[in-house]
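Starting from the known structure of chain A, fit chain B onto it as the hints suggest.
Letter by letter, the chains look like this.
Protein chains: 2
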Amino acid sequence: MAELVRNKQVILKDFVSGFPKETDMYMTESSIELKVPKGSNGVLLKNLYLSCDPYMRPRMTYIEGSYVESFKPGLPISGYGVAKVLDSENPEFSKGDLVWGMTGWEEYSLITAPYLFKIQHTDVPLSYYTGILASGAVGQLVGQFAKLLGCYVVGSAGSKDKVDLLKNKFGFDEAFNYKEEADLNAALKRYFPEGIDVYFENVGGKTLDAVLPNMKIRGRIAACGMISQYNLDKPEGVHNLMYLVSKRLRMEGFIVLDHYHLYPKFLEMIIPHIKEGKLVYVEDMAEGLESAPAALIGLFSGQNVGKQVVAVAPE
Amino acid sequence: MAELVRNKQVILKDFVSGFPKETDMYMTESSIELKVPKGSNGVLLKNLYLSCDPYMRPRMTYIEGSYVESFKPGLPISGYGVAKVLDSENPEFSKGDLVWGMTGWEEYSLITAPYLFKIQHTDVPLSYYTGILASGAVGQLVGQFAKLLGCYVVGSAGSKDKVDLLKNKFGFDEAFNYKEEADLNAALKRYFPEGIDVYFENVGGKTLDAVLPNMKIRGRIAACGMISQYNLDKPEGVHNLMYLVSKRLRMEGFIVLDHYHLYPKFLEMIIPHIKEGKLVYVEDMAEGLESAPAALIGLFSGQNVGKQVVAVAPE
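Keeping their order, the protein sequence lines are chains A and B.
So that you can map any letter, position 238 of the first sequence is 238 in the working numbering, and since no number is skipped, the others follow by simple counting.
So that you can map any letter, position 83 of the second sequence is 83 in the working numbering, and since no number is skipped, the others follow by simple counting.
Don't take every hint at face value.
Intra- or inter-copy, both count: the list cannot distinguish identical chains.
[Stated by the list, open to error] Lysine-lysine pairs mimicking BS3-like chemistry, simulated, CA-CA at most 30 Å apart:
id, residue 1, residue 2
1, 169, 275
2, 275, 8
3, 8, 35
4, 72, 216
5, 179, 189
6, 179, 216
7, 72, 189
8, 8, 278
9, 275, 84
10, 95, 179
11, 206, 216
What the hints contain is simulated information worked out from the structure, not anything from laboratory work.
Chain A on its own, in the form it takes in the complex (with noise of 0.2 Å):
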């Protein structure tokens, strides 16, 4: 029998509605053998590093027919993360490779279906594995490709310390902070005076709204998610979808998991740009598990500058 080790975990408590607080969630400590049952299909993984993602939020409440399910109840919280196989039953993966993908809010996680990627590249941070390299960060990157792809770029972010960060560390054209701008549309008309060729689409709600109109023909809409909905009940009411119609533009959904086969191509792309510093990635790193209830919350308040990401263990 192998040894049982104390496994430190993050549970939601129940399912949260409206603005999720550190106290829907709670620490508990159970105990885990570091071995997988023989013939499982399964791998034991020790979590270094753990993903916050906006997606989380719609994850905590009770939901149906999504392309991610529910977190349960009394369970740990799951989520992106990166992590070192203590174990594998699994022919794909051996003791001591390095992973990213699904894994527990704890630390250790038994994996019995594993949705897991080797590492191959470990010339740049481990941690990367959780946002540049695969899942998260978004907004930081989305506009950096845009600039070396030569577009013109606008930021929009919530903080002067956040547009200062976008334009004078991430390249941005310009950047401003929505929560000084009384009038969105009149801010979209400043710095778009020919109007908006291709809208990012991360935020929803009155930003789409302030957008639509401000939209050149033909334009086109990358739907990446809707942070501003996640906390509210009933989401908002958009009300310039007319202008869909009359400027003839294309609003297309999109979700990473569909397209993961390109995920070599990405790395090939990537990985240079990083090494040369043509791309900018910033981290906010929480130190410990403990820590981890806070940082996710803070996503929603815009308490991250870059990246959210918590360190588990040292790698």
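What follows is chain B alone, placed relative to chain A:
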């Protein structure tokens, strides 16, 4: 000097807010010389049929930056129609030509910048060039086109008679009266237990909100118009846009003006279908220019059954 004739006209009294009324327009009579000024590039039309279309409602309000212009208070309403050329200084049109395109709501129109198409096929009713062969009657046709392509088609209409028409005359698989459905979402689930592949958007508002959760993953929404919104001072809010992301939907607007290069191909396809009786086309014909204001207003309460046309003069 050419003959002066009396010219009855339908005039927009003033910009309209809310639900339009017949009294937002009035009839007047001016006089017109049935001759185009030399060198003017214009044509002089005798109007035969006028088309009543939902997109005309926004034109009764002051609008900016749209694909259509507002009507001008004090001047005749304009819209699609079928007409005979009485005189022409335009090299593309000759006396005696039958044309369809933009004309005025009056007996005779002097058009100085013609946006007109010559009618080649006169072996179908001329009034069809206000509808099936040109600008309108979209709902009844889209469903029939989809049936010709082998789709399962469900229509939504606002009266029992229209529902019968959709099912029994147009051959839709199913149809329902949206005014009798307390829960549109449930109605859609009943007809589409596995979800909707393609939604043709002509309604907007609550209908769109009910459709979004019922779309299949990667479903498509062709956005043609949003008639439910045109009489509102502020459009309704649409709350379920997050399904664009979770279901990876594409919603795209379009306008017929962008696609007129395909018109010859369209005629090639549709004229045989009409002659062979494979397409059913229903018109609601109002007699005389005096009936035009009521016919137009009737669109917005669903008075018309079939494409609403006004017959102005005998062919």
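Checklist entry - Quick check: which numbered hints come out false for this structure? => result Of the numbered hints given earlier, those the structure breaks are 2, 8, 10, listed in rising order.
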